[in-house]
Each structure stands twice: as C-alpha cells, then as structure tokens.
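Residue numbers (this note's numbering), protein chains in the order written: chain A, 1 to 442; chain V, 443 to 722.
Everything labelled a hint here was simulated from the structure, so no lab data went into it.
For every residue, glycine included, the Cβ atom is placed at its ideal position computed from N, Cα and C.
Don't take each hint at face value.
Claimed, not checked - A short, non-exhaustive set of chain A residues, derived as facing chain V with CB atoms under 7 Å:
(1) I179
(2) F180
(3) D181
(4) S184
(5) Y236
(6) R273
(7) Y274
(8) N297
(9) D305
Stated by the list, open to error - Estimated spans, in silico, between C-beta atoms of each pair:
(10) A:L207 - V:R630: 33 to 43 Å
(11) V:A600 - A:A254: 49 to 59 Å
(12) A:L336 - V:G487: 28 to 38 Å
(13) A:R270 - V:V532: 49 to 59 Å
(14) V:V532 - A:A32: 34 to 44 Å
These are the residues of each chain, in order.
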Amino acid sequence: MDQTLFIVGINHRTAAVAVRERLAFADDEITAALRRLRKASPAVAEAALISTCNRVEVVGVANDAASAARETLAFLAFDRNVEEGAFVEAVYSFEGRDAARHMFRVGASLDSMVVGEPQILGQLKSAYAQAGEAGTVGLVLHRAFHKAFSVAKRVRKGTLIGHGSVSVSSAAVSLAGQIFDRLSDKTVMLMGAGKMAELTARQLKALGIESLLITSRTFDRAVALARELGGTAVPYDSYKPYLKMVDVLIGSVASTKPVLGPEEFESVVRERRYRPMFLIDMGVPRNFDERLNAMRNVYLYDIDDLGAVVQRSIGDREQEAKKAEQIVELELESFLKWMAGLDLIPTIKDIRYSIERLRDVELGRHRGWLAGLDASERERVELLTRGLTNKLLHRILSGLKQRDDKVLDGAFAAEVARRLLGAEFDAADEDEDDADDEIADD
Amino acid sequence: METLWLMPAIVCYAISAAIFIFERTSSESTSGQTRATGYAVAMLGGGAIFHALDLTARGLQAGNIPVTNFAQALSFLAWLTALAGLLMIVRLRMAVIGAFVAPAVTIALGAASLTMKARRIVLPATLHSVWLPIHVTLAILGYAMFVLAASVSIVYLAYESRLKSKRALGPANEAAPSLEKLDRINYRLLGWGFIMLSFAIVSGAIWADATWGHFWSWEPKESWSLVIWILYASLLESRLTVGWRGRRAAALTIVLFTVLVGSFVGVNLIFPGKHGGSFG
C-alpha cells in the first residue's frame, strides 16, 4: 500500500476565465460528479473537487498518481463536454509533496488572485464536505484536508496576510475607521453615482452608517439609488446646505473643474465647529479642490491616494506571504512524515481516544444501577473498567509500535484501526478538530 | 530613608517602557504584538505594586500621605499616572499611550529616587489634618490626568499628520484608536483633570482658612495654580464655543502641559513658599 496525493487543475494564473468557466462545476453538481469520476477512473482511490471562480481542481489519492491524473483529466473533459486540447495547456499537475504543498497553499490563500482573501477556506471546507457526501474521502484525504484547515488557521493567526485594504473602496472604508470611532452616528453624502463611489457607500452602510444622503445631476438616479441603499435623495441644485451635517463626503460627479473649493467650504467647516470630515474624491477629473486637505480637521483622499494605500497593503501582504510559506513548509513536513508511515502518533491518539470513549459510553449505559452503589463500590467499578481498557490499549499500542525488520506503515496502521474501531475512530478525529477550532478562535 | 521597593519599581517600569517603545517601532505580527503588550502591561502593573509598597512604607514613616519633599510628591504623581495609564490601556484599549506613560513614569520615579534623601518638610502639628491627603491627592490626581492628556495628544498629532499626508497606518496598526476616539479621550482627561484641580484649589483654600484664618495668600504655588486653572478652563471653553478640537486642541494640551511641568518643577524647587515648607 503506497498511496500518494495528486492534484490536477487549472486556476486564474494558468487559464483565462473563458476556459475556467467551461470546466466549472456548480455547487450542487459536485457530489454526483465525484461519484461519476470514481466509476470512470479505477486508478483514483479518493477524490475531492474544488470549483470556484478562480480554480477548478481535483485533489485525489492513488497508487499510480500519473495514470490517475491522466484519467481525471479525461474525465473532466468528458464530463464538462470540453475537448481536452482546449485546456490541457493550462493544466498543472502535482503529486506527493508538491500536491500537498499546493493544497496547503490554496487553503492558506497563498494561491488566490488576491493573496490573503478569506473565502477560499470556506470553499475548501465545502469541497471536503461534498466529497464526504459522495463517499470519496478516505483516510489520506481526510488527514490532508484537516491539515490544510489547520495550516490555514495557523497562517491567519500568525501572519498579517488578511490585513490591509486591497481594494479602493475598502481602503476608503478603512480610512474612515481611522478617523471616526463609530460610524453609526455619522452622516454620509454620496455626490454623483459612480460605480466605485456607490460600492464605498454600500460598504459604509454595511458597517452601520444610518444616515445616507444621495445627490446626483439626474435626480431620478439619486432617488433610485436612495431607495436601493436606504438613503435620502437630495436635489443637486440644493445639496450645499446639507454639507454641514456630512461627516463623509464621497464625490464622483462628472465635472471638468472641482465642484467644491476652499472658499465655500470654509463656512461649512466653521458651521460644523471643525468636527472632522472625510472627503473621498473618486471623480476623474477630481471633484474637490486639493486645498481642502489643508483645512482644519478635514481629510481629503483622491483616487490616487486611495490607490497608494491599496498598493502598500498589497506589498505588505506579499511580505506576510513569505512568513506564511514557511508555515506551509513546516506543516508539510509533518504531513509527509505521517504519509510515510513514520508518524504513528495521530493514529495512537485516535485509538486511545476511541477506546476511552467506548468505556464512557458503557459506563453511561449503566448509570442507573451504578448510582445505587456506595462510593467505594463505584470506585471499584471505575478501577475495573479502566484496568480493562488500559490493558487492551497497551496490547494494541505495543503491537503497533513493535518494529521487527520493517517499519509499519502509518497509513496502513490507521486504516486497520479505522476498520476495527469504526464509528468511534472517526468521531475521535472530528473531536480533535473541534478542539483545534476552539484554540484557534480564542 | 531607603526602602526595598523603590529599585524593583523603577526596574519594572523601565522594562515596561522598553517593551512599549520597541513595540511601537517594530512591525511584528499582530499576535506577537498583543503578547508583547501583555508583558509590558504586566511589568507596568508590577512596577505600580512595588511602587505602592514604597509609598506605603514612606507614608507610615511620615504618619501621613508621603509628600514631605519634592521627590516624594513626584513619586506620588508617577504612581497615580501609572495607575490611571494602566486603566486606560486595559479598559480603553489604548496600548499606544504606554509608549509615553511608561517612560514618563520611569523618568519621573528615577529622578525622584535621586533626590529622595533631600530635606524633608517637617509638618507642624497644626497641618496634620484630614485636609492634607484630600488636598494633595486631588492636586496630584489632576496632574496625572494632564500627563495622560498630553500623552494622548502626542499620539493624536502623530496619527493626524500621517492621515493628512496620506501615509495611512499599516496593517499592524489597524487596531489603533481612531482620531475621534483620541480626541474624545483627551477632552475627558482634560475635563477630569480640571475638576480635580478645581477641588484641590477649593480644598486648599478651606484648609488654609481653617489653619491660618485666610483662604488665599498669593504665595507662588497658589498663584501658579490659579494661572493653570484659568488656562485649562479656557482650553475646555474654546472647544465648546469656537470648536477648537482635534489638532488644535491636542497642540494646546501639549503646550499647557509644558507650562504645568515648568510650574510644578519651578515653584517646588525655586519658590517653595508655604507649599515648600516655609510656613511663616
């Protein structure tokens, strides 16, 4: 028994969206597709299918990885009704160490289009659940997925890979958070209805802004947007009196010269008693005179300033990605050790847990009459059962650890334990993961 | 008089200051940073405990609140500042001010320890009254608030200039307090400091009347306290009437604080008057 992990697939780097969309699977198709794959490809022992907007990949386990990869590709072409020639150039294929590394990097969001974006972990989890449903998850994939999840958690906790703003609108929102403590009691005004300005308003709204004013040269547009976002439309020729109540002003009006200059703004700022004001200029040409930034407690960011914030965040994430790669390499070693059968520890832990659990269940079943015993008798029952399970455990574990002339294969040992202990054994793994979750969520 | 506790207190404060400053200047990952903050806060707390033991020992010796010379008053101020600073760091999540509070406390206590043996005022029996701890604690608590307000203002100015010049904070500082929060806390600290100072002046006047028969004698400390009281009153008033908030308020807070330090040091060391021990 010498199984290896393999991965074949395409992603945003190797294939254009026109290719990716042809191979993509809808969420509800995946379970059935995996069953078809297993039927069609005898070389594939275990398999899971990850299909997102940025990637379509099959991660599997096989004795002969090369032919399994070939069969999987042929299956994808047939199942999606795409000629293999149309995408074969874009396909990457890894096995063994490289496959595991790729899987961990995907989970840790190192292979994402926007490095550090958080959705991929959820997508990986659902791919695992769907494969479980299809019955195509065996011991190796089970361990590989759980390892990928824990790598992702370690990366998220140990690095700043998910921090910083990587889009113009989120940079604007993050800056608002550096100026204002609470957004709920602030007023936002949207001038003009550019796409990016609208997106920023939406994000601010999602963060709790309650008061949103919208003005636009076309009043109907302002009214429609106000209805959609839950704001108030203000006619464009009479928005100025409202400026003094506005804390965040987003400009995206099409205009050849600034719509607001320092002369008229001076009175606004004074009437506000110099409460801070954040001006976001998303217009090109710019809507707000750049001299506004020099006014007391006024912060003006134009589209280039926001772009610079984004660039810096991306640079920071790349730095953090280096740390993340180190974490991946470390975890990779421990996974490969387990694969190579050198590491029996997880299996031993699982066996110990499942036998302990059996004892608990049995004691629970006899709770009724056990309660009738007095304390010393109850203690003797306790001792007796523990003695039994310990003897049993000792036998099994010393048998496992015994190494005559050849090393006992870890995966094989795990498989044997799984068959012998059945449901309890699987439960042991789940509980361990829950424990991981609790630690990670602190 | 020497106590066992002064040195450990200074050492704890110094370590705390070192960690806080190192943390400000390095860009470690968030998890590392919160752990470092934890150590820094623990050291600051440990320092405050040793410091409290030192103050207690001196208080027992003096038979009253230990403010019998400038060094002791400075030490008491450092202790109250450390306590109030700890409260702000923990309750208001303002770890950033640790980089100012911890060094300030370290330097103040270090300076105090050098002159701790200086001439002590021997209080005449007439002044051993309940007004002594009330008056002194209120005054020094007020000063501690002003120390913290100045620290918050320095942070405000630093953040503000970064935002103005488009050098927004990096990811490691995402949890940093917003300008609005800093400004609000500054305002509250000034408000509380002002209230404490007002009560200190009133309690001093009542005490003086009870002891000497007159409320006010225009000695240097009294005059300067009045000047400082007026300055802080106008700072608070300007915020409410003409909206001097944000950058301007922060800058003025720092300016007033330097005046305060000048008067605290100057009056105590140069023109002692009654507060310095000449009770004539």
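Does the Cβ pair V532 of chain V, A32 of chain A satisfy 34 to 44 Å? Hint violated: Cβ distance 55 Å, outside 34 to 44 Å.
Hint says 49 to 59 Å; check whether the CB-CB distance for R270 of chain A and V532 of chain V agrees. 38 Å, violated
Per the CB criterion, is D181 of chain A less than 7 Å away from chain V? Status holds, d = 4 Å.
A600 of chain V versus A254 of chain A beta-carbon gap, inside 49 to 59 Å or not: 38 Å, violated
Closest C-beta approach of D305 of chain A to chain V relative to 7 Å, hint status: This interface hint holds because 5 Å falls under the 7 Å limit.
Would the stated hint for N297 of chain A survive a check requiring a Cβ distance to chain V of less than 7 Å? Constraint on N297 of chain A satisfied, holds at 4 Å.
Hint check, I179 of chain A versus chain V [nearest Cβ-Cβ separation less than 7 Å]: I179 of chain A check passes; min Cβ-Cβ to chain V is 5 Å, inside 7 Å.
Should the interface hint for F180 of chain A be scored as holding, given a Cβ-Cβ cut-off of 7 Å against chain V? The hint holds - F180 of chain A has a Cβ within 7 Å of chain V, the shortest such distance being about 5 Å.
Interface hint for R273 of chain A, Cβ within 7 Å of any Cβ on chain V: 3 Å, holds
Indicate whether the distance between the beta carbons of L207 of chain A and R630 of chain V respects the range 33 to 43 Å. Violated - the Cβ-Cβ distance for L207 of chain A and R630 of chain V, about 25 Å, lies outside 33 to 43 Å.
Proposed interface contact between S184 of chain A and chain V, which counts if any beta carbon pair is under 7 Å: 12 Å, violated
With 7 Å as the cut and Cβ atoms as the points, is Y236 of chain A at the interface with chain V? 29 Å, violated
In this structure, the hints that do not hold are numbers 4, 5, 10, 11, 12, 13 and 14, in rising order.
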